[in-house]
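Colleague: Please build the complete structure, drawing on both the sequences and the hints.
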Amino acid sequence: MGTPYHLGIDVGGTKVAFRVESGSACIEETSFSWGARHSAEDDLAQLAGHVARLRERIGTPLEAVGVAMPGTVGADGRVATWPSRPEWTGVDLKTALHSLFPEAAVAWADDGDLGALAESRASGCENLLYIGIGTGIGGGLVLGGVPCPGLGRGSFEIGHVIVEMGGVRCVCGRRGCLQALASGPATLRRASLLRGADVTYYRLQRALRNGEPWAADALEGSTRALAAAVTGVQELVHPDRVLIGGGFAAGIPEIVPSVSGFLADLVRQGQAPLPVEPAALGGLSSLRGAVALAGLVAAGEVP
560 MGTPYHLGID VGGTKVAFRV ESGSACIEET SFSWGARHSA EDDLAQLAGH
610 VARLRERIGT PLEAVGVAMP GTVGADGRVA TWPSRPEWTG VDLKTALHSL
660 FPEAAVAWAD DGDLGALAES RASGCENLLY IGIGTGIGGG LVLGGVPCPG
710 LGRGSFEIGH VIVEMGGVRC VCGRRGCLQA LASGPATLRR ASLLRGADVT
760 YYRLQRALRN GEPWAADALE GSTRALAAAV TGVQELVHPD RVLIGGGFAA
810 GIPEIVPSVS GFLADLVRQG QAPLPVEPAA LGGLSSLRGA VALAGLVAAG
860 EVP
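Per my numbering, the sequence shown runs over residues 560 to 862.
Treat the hints as calculated values from the structure; they're not laboratory data. Check the hints yourself; a few may be wrong.
Result set (SDA-like, lysine to any residue): computed pairs, CA atoms no more than 25 Å apart in a straight line [what the hints assert, rightly or not]:
hint: 1; residue 1: Lys-653; residue 2: Glu-685
hint: 2; residue 1: Lys-653; residue 2: Asp-601
hint: 3; residue 1: Lys-574; residue 2: Ala-639
hint: 4; residue 1: Lys-574; residue 2: Ile-586
hint: 5; residue 1: Lys-653; residue 2: Ala-595
hint: 6; residue 1: Lys-574; residue 2: Asp-757
hint: 7; residue 1: Lys-574; residue 2: Glu-771
hint: 8; residue 1: Lys-653; residue 2: Gly-703
hint: 9; residue 1: Lys-574; residue 2: Arg-637
hint: 10; residue 1: Lys-653; residue 2: Leu-603
hint: 11; residue 1: Lys-574; residue 2: Glu-587
Each pair of labels, with its calculated beta carbon distance range [said to hold, decoys possible]:
hint: 12; residue 1: Ser-583; residue 2: Glu-662; range: 19 to 25 Å
hint: 13; residue 1: Ala-858; residue 2: Asp-824; range: 40 to 46 Å
hint: 14; residue 1: Gly-726; residue 2: Gly-618; range: 48 to 54 Å
hint: 15; residue 1: Glu-588; residue 2: Glu-662; range: 18 to 24 Å
hint: 16; residue 1: Gln-764; residue 2: Arg-728; range: 24 to 30 Å
Each residue gets a CB set at the ideal place from its N, CA and C atoms; glycine is no exception.
Modeller: In structure tokens form, the structure reads like this:
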């Protein structure tokens, strides 16, 4: 019998990514974008179609599947909330996944927690804070090589830390959350207001490279909020470094030095600045973490 196949799935607000590994080798990596939003049933049908085609291509049964989820999943396996795709609320994720993969051991966890786990392994750093910037903001904390608060024990929701009292309304219902101020869409909205015209991701990239003031100001609104959230974590648990990744951040290298600069401004006397670096895995952290989760569940380390 050959080396078992493990599948990682990163379920995002705009796309879904797959990675199949056997041992340490990547067998296949692919993704698709969600269609127009109608219902969770339509999304699950689209997901099932792509899974079926993936199975045909690899031609081998899966031993285990790990799923990175941005929404909150309750102990009963149902989606409690997913602000980016609210139509998923109440979906029985446990049953849906077991129907898609009846032969495999299946587990799911927060995408930020899995991103942090993958980055910790890739960087060799056992104490780190990971922040993933995309459609929303996810994150994870690894202490002593172990995700905190722990896989299956709730998620590390840095995106919903309040950094501005009475600030912009977040999709979660509160005001002033980090996600409402520093996610990809939030940054683009601020850029559009400052420019006086719609700004796409690619337009923002070009403007930052060209040093256009409105683009720099838009980004600083986000990185200042990120630095405030990181400082709060630093004061409580003292990670060794901060890694910033996610699809939005992967294409905007200016984010890391800007956050680092604001963190230096917030350092207390006698306190060393916290190093900030780009995530080693770029926008693939959560996907790699999902594969790692598949390995853990196959080994019986995750129920």
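Colleague: Return the numbers of the hints above that this structure violates; sort them in rising order.
Modeller: Per hint list: 1, 7, 8 violated.
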